[in-house]
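Peer 1: Residues per chain, in single letters:
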Amino acid sequence: MIINHPLLGPRDAQEFVYLGDANLIDRPDPSSSTALDDFHDYLYLRDNPAGSHRELWFHEQGDRSWLVVTRDTTTHEITHVELASEYAKRQGRDR
Amino acid sequence: MSDHPLAPLTALARDTPVVEKIGGITITENPDLAIASLAVRHGRELDLQTLLTPVLGEDLPGPGRAAFLEDTAAIWTGIGQWFLMSPVAKHPDYAWDMKYIVKDTASVTEQTDGWVIFDVIGDSLSPLLERICNLNVNAMSDGDATRCLIEHLGCLIICRESGRNISIFGPRSSAASLHHILVTAAKSVA
Amino acid sequence: MSGINRLDGGQIDRNNVLTFSFDGKRYSGFGGDTLVSALLANNVRLMGRSFKYHRPRGVFTAGSEEPNALVELRSGARREPNSRATVAELYEGLTAQSQNRFPSLRFDALAFNDTLASFLSSGFYYKTFMWPVAFWEKVYEPFIRRAAGLGRLSGEEDPDTYDKGFLHCDLLIVGAGPSGLAAALTAGRAGAEVILAEEDFALGGRLLAESGILTDRLASDWIEEVTAELVALPNVRLMTRTTVFGQYDHGIFGAVERVSDHIPEPQPNKPRQILWRIYSKRALLNAGATERPIPFENNDRPGIMLAGAMRAYANRWAVTAARNVVVFTNNDDGHRTARDLSEKGVDVAAVVDCRHNAPTSADFEVIEGAEVIGSRGRLGLKAVKMRFKDGSEREIACGALGVAGGWNPNVHLTCHKRGRPEWNGDISAFIPVKSEDSALRVAGAAAGIFSTHGALQSGAQGAIDALNDLGISARFPALPEAEDAPVNIAPFWYVKGGTGRAWLDLQNDVTIKDINLAHQEGFRSVEHVKRYTTLGMATDQGKTANIGALAVLADIEGKSIPEVGTTIFRPPYTPVSIGTFAGRSRGKEFRPYRLTPSHKWAAEQDAVFVEVGNWLRAQWFPLKGETHWRQSVDREVIAVRKSVGICDVTTLGKIDVQGADAAEFLNHIYCNGFAKLPVGKTRYGLILREDGMAMDDGTAARLAEDHFVITTTTANAVSAFRHMEFCRQCLWPGLDVQLISTTEAWAQFSVAGPNARKLMQKIVDTDHDITNEGFPYMACGEITICGGLRARLFRISFSGELAYEIAVPTRYGDALIRRLIEAGKEFDVVPYGTEALGVLRIEKGHAAGNELNGQSTAAMLGMGRMVSQKKDSIGRVLAGRPYLQRVDDYRLIGLLPVNLDSVILAGAHLMNVGMESCAANDQGWVTSAAYSPHIGSSIALAFLKKGDQRHGDVIRIVNPLSDGDIEAKVTSPHFIDPEGERLRV
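Residue numbers (UniProt numbering), protein chains in the order written: chain P, 1 to 95; chain G, 1 to 190; chain Z, 1 to 985.
So here's chain P without its partners, still in its complex pose (with noise of 0.2 Å):
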């Protein structure tokens, strides 16, 4: 596979690590009185769909990024990739 690396253009997959859905990002609150079950939650049910999936690629042997892959899970097609960081400013995290 090839991924169209927002910074440095197409890459292959060869040099990317995969994590897994881009949910993880969305770590809940540990403070919250729901705590134990939103962890429950966040870890362990994630939909596995068959078609568009947002998920999580490091490129290890590039420039150490995170990215957020938006991948057909059946044809491979990528139709979006950005950096992690960013998205994960987008959902707050930087607060």
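Note that these hints are calculated values from the structure, not bench results.
Glycine is no exception: its CB is placed at the ideal position from the N, C-alpha and C atoms.
Treat the hints with care, as some may be off.
What the hints assert, rightly or not - Listed next, with one range per pair, are the computed distances between beta-carbon atoms:
| id | chain 1 | residue 1 | chain 2 | residue 2 | range |
| --- | --- | --- | --- | --- | --- |
| 1 | G | Glu20 | Z | Gly471 | 37 to 45 Å |
| 2 | Z | Ser868 | P | Pro49 | 34 to 42 Å |
| 3 | Z | Asp872 | P | Pro49 | 25 to 33 Å |
| 4 | P | Pro49 | Z | His951 | 37 to 45 Å |
| 5 | Z | Gly936 | G | Glu20 | 53 to 61 Å |
| 6 | G | Asp123 | Z | Tyr91 | 27 to 35 Å |
| 7 | Z | Ser719 | G | Gly57 | 37 to 45 Å |
| 8 | Z | Phe590 | G | Asp123 | 55 to 63 Å |
| 9 | Z | Glu229 | G | Asp123 | 46 to 54 Å |
| 10 | Z | Ser719 | P | Thr79 | 53 to 61 Å |
| 11 | P | Val81 | G | Ala139 | 15 to 23 Å |
| 12 | Z | Ile568 | P | Asp72 | 17 to 25 Å |
| 13 | P | Thr75 | G | Ala139 | 26 to 34 Å |
Given chain P's structure and the hints, the job is docking chains G and Z onto it.
Peer 2: Leaving out everything else, chains G and Z in the frame of chain P:
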């Protein structure tokens, strides 16, 4: 300068750099570069640039690029991160020297001995490079620099002169393996 | 002298006479010949024995789809079994042997299998070798292994080297027949970066195999003209002897270039083959088509071949399999074979056409509405038996039969990404569906366009369309005039009736009966039939067999062929040597290795090395006279406990953590607190996964308010860094923290033992106070040594002794170890390896990889109270799950055998005394075990249920694998200095 009696070894564990001439290609181990990594602190991009401009004479390079100055080179290695390089004879403790310049605008880390550097020079390097890494080497122009994989090793390739002069940085502990790869491939295309 | 079956003309160099041997007999051929064309010229039709029944077989095709003519090519270590003789280029001195026969090709003892045919039907092995179970290993498997396979491996190391590489292009053109050449010309002239890959050694494809298909000039002239132009274009890369074997995602293709297969052995330092990974923006498949046979009874005799192959041999190689031939066809193409052979002076005894409206000829007899129903000639065809449309039968003497059942487009590459071809009734064949992203287009015969005119036109148009996607405009080139004959075919898949065997898959010996039987036994799906009968599962992937089998299935089920469906073609298109995939990664270079800074010195000491990940670490340092590793290891351990030892610990991961929020960041990473760690101090840290299980451990040294250096275990250096980058970029992007690995930049040595300080004081420059007061336990700092070399010093201990870790820039690592050993002589210093390191840490009760195996919690490790509840860290919340907090969970303990001579093995399980040894009674397991010279017996660390409350109990250590069952006392995991006094002196 310190005058301790400990003698350094090159990454290939020799007293002097190894030079291999194979066909029209010369592969030389280069132990003479001091390397320091710079990682900009949050929100200090402009401050860092201001402090570095007198040293570099120009802006830090952007993604996939390197800048060569008199005796200093800067390579983009990641978001907000660069390698600066200068002769080790001039900077035996380069990280300390850079820290002095960039102050608290960036995190500076000693990287000099993290790498083995092979300078590869020849009239046509494409046949060699296309045997070892997946970069479109024919499309690399002067000053392009990027990390890539060479036989499972995370390396950094700097194009000094397109198709004729490149430097390959590899992990120092795997210097012997990387050297073997380069020499084998060079012989294969010679 | 070169062959009684040689004709006039052909693309061979008659001035270049080459001698070769087959089964020890010498023959000669010409430059441009393949092994098969040269054998045919010498009237050799018998070339091999079949896989299962050892039936005599000859060549069937003229290309890489060959199922029959498989030979052992070359000799000695270079002997390569199952080589397709149809694509083996002849060179001077070539040697080849037939395979799957004993003692000789003409007389094969195992041919008795053929007489047992009724027992060897599909599923024979599944049905026969089931019972008794005990027979499997001792009787059945050895028997099957002897009988299985075709050629023999040399059993020697391959003396040749293989290489790999990466190519990039705008347009990859697969196949250089008429459409591929037209495409390359079009794209090349447009200035696009073009790769033209052709599996043959010559460009031209079917243009080489036909006569008169270009109507305004000679095909050879046009090929020469196009080749010259393409060679001159710097943007076109012509790759002959290159098979594009697989299509992968996003325009990536795999190709193998046979650099040296056409010469006796590779030039010095040159590879035999190169595996190319081709990155294409667009690709155009011009892979042509493969002819299919019409199975009939005994259709596998040497001399029976595809009609198109027969024509190719006559036109390209100027050979014929025999001087009198018959053609059996269901379409006009068979007549073309008869015409070409007849023009070359071969006696065409008859064209048997199953259609009722067959074209006629003045040069040979055409028999309409007839079928070939059998053949005669055990080691070579002598006659075919045919049935007229009125039902009467007749035998026709001939030495070769060409069978023309129509052509199948070579759709294989379009299927590699799950593209399913669709049926085209006009040509009675599957054609590729247009790929959704149009990354791979198809032209020429591969697209079902069978006329030469159509191939040329579609090739050029395909290139124009592909480049148009990329914004490159290309012009339609002037192309030669060419034949544009329509496809006239009457579907006719196999000859019905008869009691004998009609072969569908020649390489795997699958007959029409086998398909019937499989269906009868309930294997209805085409995928099941394939696996049960092994049809299409040989190295040719059933290129000449699959459609016939689908037709048989369709008839049984009363369905049409497309309704039956197809199996899926997967890479590789043709077999690729394992050596090619390995490339340069062989032997010592199988993967890159990593050497420690003291490696050169350690090698001089005759150290024994062990692979730790990619690292080579010294395992122990044998002294003269030590004959057993335990002698060396015990000595090293005792020396550390008694005086001082040195170990290279460079391999531990080191990560530089800097930034205004570095301390807060580490607070998130480690379960224990770091914010309050003073500058100049080091602290042990445990990293949990988010699920609460221990991930890794190490130390963090605070060099400045905003600067830490942390260590990870050797094994987790890479994954811990990745995890920290995930936390930094994805979970806490607002923190000002920067990470970089410095593992390789520093050579780090552990100096451990009661005399460690005395030794260090001889090295460390005197302006640095390293006394217990000035540099206490867990201190760290930047110092200089040996008169000015900058270094980092950490007072940390893995062994449980007074210890320092000293780090210097890696280039000085070799000098430092020599200096330390020299300076330590007065203390009888020893270097120690990973084995002693392991013993020392087990004696001390430090957890390592065996304990941090992904199944252990902080509580299990005895570090439950370390998990700070005052701050948020990864894993804190889920570590608090009630199940992980249960009091009867496993706890890390020590084990001391009751009988001190007993040996404890890691992996053994713990059972209570008096209880049956079974899973239900399991109390835990041994994680690490070693002989402790300090204790004088075997000792171990283990996880035991409620272990922390059972110190002093006796438990059984059970190893069912070797009937081990010993008693041991449960102890604290700290076998030495439980209070940690030695560390602090």
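Peer 1: Which hint numbers doesn't this structure obey?
Peer 2: 4, 8, 9 and 10
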